[in-house]
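> So the chains spell out like this:
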Amino acid sequence: MSRILQSAGERRAETHPLTWRLHDDQSPVLLEEYLDTQGYAAVTKALEQHTYESLTEEVKSANLRGRGGAGFSAGFKWSLTMKGEGVPRGYIVCNADEMEPGTFKDRLLMEQQPHLLIEGMILAGIANRAKQGYIFLRGEYHLAAAAIQRALADARADGWLGADVRGSGWDFDIALHTGAGRYICGEETALINSLEGKRANPRAKPPFPGQSGAWGLPTVVNNVETLCNVPGIVNHGADWFQALSGDLSSDGGTKLYGVSGKVNNPGLWELPMGTTGNRILELAGGMRDGLTLKSWLPGGGSTGFLLPEHLELALDFDTIGKTGSRMGTGLLTVVADNQSMVSLTRNLEEFFARESCGWCTPCRDGLPWSVKLLRALEAGEGEAGDIELLEQMARDLGPGKTFCAHAPGAAMPLASAIHYFRDEFERGITRPKGEAHADPIPVGSV
Amino acid sequence: MTTTATIGTTIASDGFALDPADREMILEERAHYPYPQAACIEALKIVQKRHGHVPDGAIPAIAETLGIRVADVEGVATFYSLIFRQPVGRHVILICDSSSCFLTDYEALRDAFIEHLGIQVGQTTADGRFTLLPVCCLGACDRGPTILIGEDLHGPVTPDEIPRLLEAYA
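Heads up: the sequence lines are chains A and B, in that order. Everything in the first sequence is counted per the working numbering, starting at 1 for the first residue and increasing by one. Everything in the second sequence is counted per the working numbering, starting at 1 for the first residue and increasing by one.
Only chain A is shown next, with the shape it has when bound in the complex (with noise of 0.2 Å):
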């Protein structure tokens, strides 16, 4: 089998905060060896030297971005949240619900680094004055399962994890959730519903999870990376956080970056935020069987596609949001010159219709009726405004017009595939306008 995470260079625990520690057999790290490797020393030091409030103001200062794809500031959304005198301690909640399509980055932590989560989801804990931390662990997962709850074990039973932490007369735990299935769970409200055990339906916002989450609580939802992140900063600083990432990028650390699609050598790298896309593609060993690349998503489905051209940029949350697409995971999707633009953006539609979870009409609907859409044009029977249709049908799915990003997610792939390759979309349509589909394609097959 071959290795998912790979190295440009040497790892060192200065430069590679997030992987520095893996094996070359990608065996997990135990407590012992995490101990004898500046383990928990953060917790340590959090303990001894921080409040709550200095805690929250080093992480906010590194400008650690959420790594789950939306990169809101996770030391800013800790400042928000609920808490001090007469407020009751509430819930840190790790989104490990890793269904992103092309996204394969927090699999790879969990597998082999469960102690750093542990130890991230703690400081998390101090910092938002939490008294429980769950991991939302998608069901598939089911080595990271294993690796975590081994990891639980052993440190609760170290004295990390429990009643009175390290003699700190501070309690704190964590529990596993598996869940059962649904991209939708990984967004934050609809996590939380699943977490108590509903329809993982979203929430309106507000109230927001830090005034009022899981079972009406103060919580705080962080994706697997961003918390990875965390006890590097506590050890080393927030100057040392930022200057990872050097001229780069005005945004800290590092990244795990990653690509799949038809390259030489798919996998994942850690390397400093803002990296360019054509020196990850080229660490990747570029595309395979002497294809061309014809067009990228920098970081999941819910992202926008983009052009060769794009690849000099530097991946981060700015940049690719000015190209009007978005950084997202940060994992590359390439896509090549032999490959039908119609073709895969109706596959990206069916994956957002079937997960809708169909509470607010736009999505439910208009999800499945683009992929009607697509599938026509796919199929050389489109008729003339079908473009046009789906253009109107990208923007009133946009941000701002569903309940949640879920549709906003599905529109942008939508948008931008017509956007670069309209001419790709134009061959398909082969009738006038008002003609009914010889055969139309039933929506319930999606």
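Keep in mind that the hints were calculated from the coordinates and are not lab data. The model shown is predicted, which means the values in this text are computed figures rather than measured ones. Check each hint, because a few of them may be wrong.
Claimed, not checked - Rough simulated footprint, nothing fancy, chain A against chain B, three-plus residues with beta-carbon under 8 Å: (1) 40–49; (2) 75–87; (3) 93–105; (4) 127–137; (5) 143–155.
To be verified - Once the Cα atoms are required to be at most 16 Å apart in a straight line, the calculated EDC-like pairs of lysine to aspartate or glutamate come out as: (6) K262/A - D105/B; (7) K262/A - E107/B; (8) K49/B - D22/B; (9) K294/A - E309/A; (10) K131/A - D173/A; (11) K131/A - D164/A.
We put the beta carbon where it would ideally sit given N, CA and C, even for glycine.
Once you have looked at the hints, place chain B on chain A.
Same frame as chain A, but now just chain B:
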């Protein structure tokens, strides 16, 4: 035994009785959360692990064990894609149909499974051995196209490897 749900429906448990060990595990899960409903997804998974799917009678049995409404258990059971409310094969093949696997020829792999098993996606073989279902991105995009059989992740899988791969699942 029948349990009356608060919404007014009555669902017969059809003689279904929770295995005592399962019941104990469900109560153990309940202790992990401040409210019992949170354990209901795990309870469904516990029952499914023993029976392969969640039989009708298990719904009121879980509701009674956790002290929650039957309708809430059924609502959850019918929402999540990995809770099976109908019988499935001894081995469930989850085939990733998301974009990275699509780009690494998932459709050819899916068609080869359909031909080899003689069933469509969503169906179970006549001998009750395999069920073929689609699944969201399995998070192993570097190895696409990927499938998950039970707890085993395979990838990349080529169509000609299917017969040998399935031999391990009797």
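> Now tell me, hint by hint, if it's right for this structure.
Against the structure, the hints:
1. For the segment 40–49 of chain B, the proposed coverage by chain A is satisfied: 5 residues have a C-beta within less than 8 Å of a C-beta in that chain, meeting the threshold of three.
2. Interface restraint, the segment 75–87 of chain B with chain A: holds (7 residues with C-beta to C-beta distance below 8 Å; minimum three).
3. Note: the segment 93–105 of chain B has 8 residues with beta-carbon separation from chain A under 8 Å; the three-residue rule is met and the coverage holds.
4. For the segment 127–137 of chain B, the stated coverage by chain A holds: 4 residues have a C-beta nearer than 8 Å to a C-beta of that chain, and at least 3 were required.
5. Coverage of a stretch by a chain is defined here by at least three residues with a beta carbon nearer than 8 Å to that chain's beta carbons; for the segment 143–155 of chain B and chain A the count is 5, and the condition holds.
6. Restraint check for K262/A and D105/B: satisfied, since their Cα atoms lie roughly 10 Å apart, inside the 16 Å limit.
7. Simply put, K262/A and E107/B have alpha-carbon atoms about 15 Å apart, close enough for the 16 Å limit, and the pair holds.
8. Between K49/B and D22/B the CA atoms are separated by roughly 10 Å; this keeps the pair inside 16 Å, and the hint holds.
9. With a CA separation close to 10 Å, the supplied pair K294/A and E309/A stays within the 16 Å bound.
10. At most 16 Å may separate the alpha-carbon atoms for a hinted pair to count; K131/A and D173/A meet this at roughly 7 Å.
11. Only pairs whose Cα atoms come within 16 Å are accepted, and K131/A paired with D164/A is accepted, the gap being roughly 12 Å.
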